[in-house]
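> Chains U and Y, in that order, give the protein sequences. Numbering-wise, the numbering used here puts 26 at position 26 of the first sequence, and it's gapless, one number per residue. Numbering-wise, the numbering used here puts 256 at position 256 of the second sequence, and it's gapless, one number per residue.
Hints should not be assumed to be uniformly reliable.
[Claimed, not checked] Label-pair ranges, simulated between beta-carbon atoms:
| id | chain 1 | residue 1 | chain 2 | residue 2 | range |
| --- | --- | --- | --- | --- | --- |
| 1 | U | Ala159 | Y | Pro74 | 15 to 25 Å |
| 2 | Y | Asp32 | U | Asp170 | 19 to 29 Å |
| 3 | U | Leu199 | Y | Pro287 | 49 to 59 Å |
| 4 | U | Ala159 | Y | Asp17 | 19 to 29 Å |
| 5 | Y | Glu118 | U | Phe123 | 49 to 59 Å |
| 6 | Y | Thr34 | U | Val39 | 50 to 60 Å |
| 7 | Y | Asp17 | U | Thr43 | 29 to 39 Å |
| 8 | U | Phe123 | Y | Ala315 | 36 to 46 Å |
If you are wondering where the hints come from, they were derived from the structure by calculation, not from laboratory data. Idealized CB from N, CA, C, for every residue including glycine.
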Amino acid sequence: MSRHGLAFALIALLVAAPGVVRAQELNLARLDLASPNLVSVRTGAEYGLVADAGYARAVGLLGGVVLLGGELTAPWSGLAHGDFRLRATALLPVASGERWKLAASFAPTLRGASNDAGRFTGFGADLGAVGGYFAPGWFAAAELGLDWTLATRVVHSDAYRRLVFAGARDGWYADTAATLRAGAQLGVSFGRHDLVLRLGGLRDAGGAKPLLPIYATLGFGTRW
Amino acid sequence: MPRCILLFAFLLSACLDPGAAGNLVPKTVVEDPTLPRAEMAGALFHAEAFGDPAAPIVMVLHGGPGSDYRGLLPLQALAADGYRVVFWDQRGAGLSQRFDQGFYTFDTYPEDLRQVIEHYTVAPGQPLVFIGHSWGAMYATWFINEHGDYGGRVRGAILSEPGGFTKRQLDDFLARLTGSYPLAGEQLDGAFWAGQFLSPDDHARADYLRMLLAEGGPPAEHCDPQNPMPMWREGAVVNAALLALARRGFDWTTRLGGFKPKVLFLRGDLNTAATLAQQQELAASYPAAEIVTMKGVGHQMIWERPDEYLAHARAYFASIGFAGGGR
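Okay, chain U solo, but in the shape it has when bound (with noise of 0.2 Å):
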């Protein structure tokens, strides 16, 4: 299937469901309006090793519960010279059971990184969905998802252009990357914490391995 067709399906997976939502982690067993506010920090491997912060409210809509919120990621060492990515996150249960439970999301992407080559912010959107078994202790679940750069500004440093290419040109190009993701999350809930481990591998989506083709990242989240 082309990226095209992967993301359009994947589209038409998420108008059909009764919402729109972000695969965050989290134990939906727990999501509710009681305690609407999440805040979560996280870190380990994904496109480098990185930190996160994010947070995020629970809202009801249409009679369920939608969580919206945003994040912040950034590689450990591109915190200097300004390396983020950041994301605002819908996430909402497409089906759920007593315990299994099944949630899709859409998160819209600005991207920024700053390296050798020159400058790149770049804007798309992750859509995702996860879906397992959730009990309020624990939880697993398996994610797929789609993280999809639609656009990418290019600005190339004087070192590119005398040491490699002369001829770069800086702009916007289009479509740029496309990676999917499939993986595992497992969690474990206590008081008003989730502890979550989040363990998969990464693809283009034409199917190559990116440079770091697996994601291994711990995240802390608290409610209130």
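Dock chain Y against the given chain U, drawing on the hints supplied.
Structure of chain Y alone, referenced to chain U:
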């Protein structure tokens, strides 16, 4: 709503294509007819040669696999000594024609080099010497193991910091090389992070991503940050293809015992991946080898210390009786 979708589609269509050569990366000889070229072995190669076509040949082999000869151009000075100095970007590398990963077999590269030699041969028995840098030094050894002295024509080789002549040697070398990247360091993390912006969907994007990692070189190579070696374009696919072949296992030492000319291993003492002990182990595969260490320089010794490197090359040529034309 339809207007918004149309406007969005229009804006995207006005964007540049990251997969088109000439945007993020330079065009290859296939797309740019102004580049110097040679058609050999059924492919278009970015290539040029300097000096008298009938003179003894210095065949320059760049590193990588997948890099290019831009940083080795100081060796062009040997043309003034009466040699025919041949530079070429290997198949799928630099500005030469690209091929898919499945194209490459264990026969491809040795046969390419044989045909490049023949392409630049204008006199019967025209003698030649290899100067191989990094992967290029492995490549020269691969050829010598396949073809020996090629009917008496290969009079010697200067091998600068080859990684290994067997799978075990290469695995050890790559472990030292990749292990030298700090785990949360800017170079490695920067290349990982860039993976979100570009997928390696095509040669242009894959090459661009590979260059992000290649710039500066692995820390173990101790390249001079004040004098970085320039390059044109990395060949990501051929790099992956040859590494995948290497993982199947190889041993390019099995027939080196029959190669009688003296081989010079010319290294920099700052490189902590191609150590003296490692180069000694590799040199032991040749019946006659000499190791010379350049002080205070790392892996890019040709670019960073061209005069010193050329002096060692000239002394070696004199020691094996490989004189330039007219001398």
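> None of the hints should be skipped; say for each whether it holds.
Evaluated hints:
1. As the Cβ distance of alanine 159/U to proline 74/Y is approximately 20 Å, the hint placing it in 15 to 25 Å holds.
2. Between aspartate 32/Y and aspartate 170/U the beta carbon distance is about 20 Å. The supplied range of 19 to 29 Å therefore holds.
3. Our hint of 49 to 59 Å for leucine 199/U and proline 287/Y holds, since their Cβ atoms are close to 52 Å apart.
4. Checked against the given bound of 19 to 29 Å, the beta carbons of alanine 159/U and aspartate 17/Y, roughly 24 Å apart, stay inside it.
5. Between glutamate 118/Y and phenylalanine 123/U the CB atoms are about 52 Å apart, so this pair conforms to the stated range of 49 to 59 Å.
6. The beta-carbon spacing between threonine 34/Y and valine 39/U, approximately 58 Å, falls within the hinted interval of 50 to 60 Å.
7. Our hint of 29 to 39 Å for aspartate 17/Y and threonine 43/U holds, since their Cβ atoms are close to 36 Å apart.
8. A hinted range of 36 to 46 Å for the beta carbons of phenylalanine 123/U and alanine 315/Y is inconsistent with their spacing of about 58 Å.
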